[in-house]
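In the order they appear, the protein sequences are chains B and S.
For the first sequence, the residue numbers in the working numbering are 1 to 288.
For the second sequence, the residue numbers in the working numbering are 289 to 670.
Incorrect hints may have been included.
Across the chosen pairs, the derived CB separations fall in these ranges [stated by the list, open to error]: (1) C618/S / V131/B: 25 to 31 Å; (2) L657/S / Q136/B: 47 to 53 Å; (3) L204/B / K549/S: 42 to 48 Å; (4) A476/S / A21/B: 45 to 51 Å; (5) N661/S / L49/B: 44 to 50 Å; (6) V464/S / Q136/B: 31 to 37 Å; (7) Q43/B / P596/S: 48 to 54 Å; (8) V345/S / N102/B: 55 to 61 Å; (9) G435/S / A21/B: 50 to 56 Å; (10) Y565/S / G62/B: 43 to 49 Å.
Don't read these hints as lab results, they were simulated from the structure.
Just so you know, even glycine gets a beta-carbon here, dropped at the ideal spot from N, CA and C.
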Amino acid sequence: MITLNQAHFRRRKIVNAVMLALCGVATLLAIIPLVWILVYVTQEGGRFLSVQFFTDLPTPVGVAGGGVLNAIVGSGIVIGIACLIAIPIGIIAAMYAAEHPNTPLGIAVRFGTDVLSGVPSIVMGIFAYTVIVLPQKHFSAWSGGFALAIIMTPIILRTTEEMLKLVPRNLREGSLALGASEWKTTLQVTLPAAINGVVTGIMLGVARVAGEAAPMIFTAFGNPFLSAELDQPIATLPHTIYVYAISPYKDWHDKAWTTAFVLIALVLGLNIAARVFTAWRLKKMGWR
Amino acid sequence: MLKSKIGLTVIMLSLVAVSVTACASATPAPQTTSAPVKVVEKVVTATPAAAPKAGAVLINGAGATFPFPLYSRWFYEYAFVDTAVRFNYQSIGSGGGIAQITAKTVDFGASDAILTADQYSKAPGIQMLPTVAGAIVPIYNLKGDDGKVITDTIKFSFTALADIYLGKIKKWNDPVLAQANPNFKLPAKDIIVVARSDGSGTTFAYTDYLSQVSAEWKDKVGQGTSVKWLTGLGGKGNEGVAGTVAQNDGAIGYVEFAYAKQNKLAYGSVQNKSGEYALPTVEAVQTAMADFGTNMSDKLALSIANAPGKNSWPIASYTYLLVYMDQTDCVKGKKVVEFIKWGLSDDGAKFAKELDYIPLPAAVRQAVLDKLNKVTCGGKPL
Numbered sequence: 001m002i003t004l005n006q007a008h009f010r011r012r013k014i015v016n017a018v019m020l021a022l023c024g025v026a027t028l029l030a031i032i033p034l035v036w037i038l039v040y041v042t043q044e045g046g047r048f049l050s051v052q053f054f055t056d057l058p059t060p061v062g063v064a065g066g067g068v069l070n071a072i073v074g075s076g077i078v079i080g081i082a083c084l085i086a087i088p089i090g091i092i093a094a095m096y097a098a099e100h101p102n103t104p105l106g107i108a109v110r111f112g113t114d115v116l117s118g119v120p121s122i123v124m125g126i127f128a129y130t131v132i133v134l135p136q137k138h139f140s141a142w143s144g145g146f147a148l149a150i151i152m153t154p155i156i157l158r159t160t161e162e163m164l165k166l167v168p169r170n171l172r173e174g175s176l177a178l179g180a181s182e183w184k185t186t187l188q189v190t191l192p193a194a195i196n197g198v199v200t201g202i203m204l205g206v207a208r209v210a211g212e213a214a215p216m217i218f219t220a221f222g223n224p225f226l227s228a229e230l231d232q233p234i235a236t237l238p239h240t241i242y243v244y245a246i247s248p249y250k251d252w253h254d255k256a257w258t259t260a261f262v263l264i265a266l267v268l269g270l271n272i273a274a275r276v277f278t279a280w281r282l283k284k285m286g287w288r
Numbered sequence: 289m290l291k292s293k294i295g296l297t298v299i300m301l302s303l304v305a306v307s308v309t310a311c312a313s314a315t316p317a318p319q320t321t322s323a324p325v326k327v328v329e330k331v332v333t334a335t336p337a338a339a340p341k342a343g344a345v346l347i348n349g350a351g352a353t354f355p356f357p358l359y360s361r362w363f364y365e366y367a368f369v370d371t372a373v374r375f376n377y378q379s380i381g382s383g384g385g386i387a388q389i390t391a392k393t394v395d396f397g398a399s400d401a402i403l404t405a406d407q408y409s410k411a412p413g414i415q416m417l418p419t420v421a422g423a424i425v426p427i428y429n430l431k432g433d434d435g436k437v438i439t440d441t442i443k444f445s446f447t448a449l450a451d452i453y454l455g456k457i458k459k460w461n462d463p464v465l466a467q468a469n470p471n472f473k474l475p476a477k478d479i480i481v482v483a484r485s486d487g488s489g490t491t492f493a494y495t496d497y498l499s500q501v502s503a504e505w506k507d508k509v510g511q512g513t514s515v516k517w518l519t520g521l522g523g524k525g526n527e528g529v530a531g532t533v534a535q536n537d538g539a540i541g542y543v544e545f546a547y548a549k550q551n552k553l554a555y556g557s558v559q560n561k562s563g564e565y566a567l568p569t570v571e572a573v574q575t576a577m578a579d580f581g582t583n584m585s586d587k588l589a590l591s592i593a594n595a596p597g598k599n600s601w602p603i604a605s606y607t608y609l610l611v612y613m614d615q616t617d618c619v620k621g622k623k624v625v626e627f628i629k630w631g632l633s634d635d636g637a638k639f640a641k642e643l644d645y646i647p648l649p650a651a652v653r654q655a656v657l658d659k660l661n662k663v664t665c666g667g668k669p670l
């Protein structure tokens, strides 16, 4: 009887060890592409990095130097427009969906965002092209920001909603019991409690759209010159990578890598900055 | 809580603000002179600000990928010539260029392909204006029986390329190819045919050539920016074709000459209409253009494939800008016309040669200039 038990126990230990090892391998496999991409892009793109790359405008083939200042500024503007549209809509809609999950509108919102987040980004580009570019008869930073906003909204909405739902019910009830109105409870109790997750959602959204080249082709269009005019074509980093990468010239291929490096660094930097900011914010507010 | 939300918004806004300030401070000093000396100096020092003064007119164009390196160079240099205008050209492909100028979302279009009757009718008043010409070359990747890559220039007899793309010549040691290349031994390998999978002006010119040398090709496949290939693999863009060829021993594909040259790809010699084996040199394409002269329609569109001259390269084509003969914006219209005249001048031709494009013959250039002088704005001369 005892031996049987021991054998059983040993078997369980072996299974445990095997499964743990499998988990470890799977985790490693999941990390490899990330590390690989980071290392490779740094290797290929880091070599040609210089101050000029951040401060200069692009040069054509055969002219030395040149940078992607126009695309860095352009990406900032287009993403800024997208944030201004997507963040308020995403968060406010998420509040509604989290507070009233079983109302017809709540269900519709959730279903709608699920469908929307599955739509390929190029379709968003064509949509923005059809509703903004065609009637206006010119490409613009606006249309690019609009296309990105539609891609961002479902990401922000869904993460915010999940985060709001995670906030303990007692907290909400406590607030209501103390006489706070429902909107005050949501805005001043529930949302601050979930703010870390909400910021993560926004950062996910920004990171996702910052790398979108496809919807930019027919909206922001691209522009080799520095432009801050919202109703004119504008350059973006991913679109610049695309244009450089399909060219026949080694010089431009190198620039594509460097631009890719800059894009990854900026997204990563923005991500870290937002996390540091939230941590600081929460500490100051006494939440942590 | 409201504060923290405001804080968030502040991050986003400051992001935008920083960008905007960056632009403002980077606004370049106005260029006062447009003397050529200045241009040279600019090029040598590679000053960042290719840069137009604030408030310059922005003219947008889109289309063919093939002339993109040249056009981007032209527009870069032209910003020094005329500081009151900026040209923004995006290479979205010939098909895209035609579609956008038809929808009037851009001020000018560009295409390697000649517009079809249907496309003309959808964009009434559209005019094709040839700017430069380019050659298309067959590229290959083939290891000999000794395992070494064949670096000799393989000769393709008159209908050889058509027969390969028709799937009639299947092996590299086919008698047709062996006979044309007596100086070295071609291996008994299958030919892997590679073609462009996307719509492309390069394909238009290549299938134009194939249709002219082979009645069977014309009958079965025909000519177009994208055709129904009978055999082989597909690659997107020049780089896709070149990549697929590079990865497959025994592969053959076609790319623009500038692409093959820049990437040091092995390209073949092709037998032209007069029976001579030609190489894709500047002179060979110029001869091909001269063979056809100015025998062009009112739209200035002309195929230069399968040129009859003794020294002519048979697979070549013009690339065109697309503009409306009657402009709606007089300022932009005038600037576009001025620019094209500059591009066709010796100043513009210099950059074309530098980048392996072939400038127009004098007679064709004159035809384009004559046409440009007839461009109007709202019915009135510019």
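Status of each hint after checking the structure:
1. Between C618/S and V131/B the Cβ separation comes to about 29 Å, which falls inside the hinted range of 25 to 31 Å.
2. Distance hint for L657/S and Q136/B: a CB-CB separation of about 34 Å, inconsistent with the stated range 47 to 53 Å.
3. Restraint check, L204/B to K549/S: a C-beta distance of roughly 44 Å satisfies the suggested window 42 to 48 Å.
4. Take A476/S and A21/B: their Cβ atoms lie about 50 Å apart, and the range 45 to 51 Å holds.
5. For the hinted restraint 44 to 50 Å between N661/S and L49/B, the CB-CB distance of approximately 49 Å keeps it satisfied.
6. Distance hint for V464/S and Q136/B: a CB-CB separation of about 56 Å, inconsistent with the stated range 31 to 37 Å.
7. Against the hinted window of 48 to 54 Å, the Cβ-Cβ separation of Q43/B and P596/S comes to about 52 Å, which satisfies the hint.
8. Against the hinted window of 55 to 61 Å, the Cβ-Cβ separation of V345/S and N102/B comes to about 57 Å, which satisfies the hint.
9. The supplied range of 50 to 56 Å is broken by G435/S and A21/B, whose beta-carbon atoms lie about 43 Å from each other.
10. Taken as a hint, the range 43 to 49 Å is violated for the pair Y565/S and G62/B, whose Cβ atoms sit roughly 31 Å apart.
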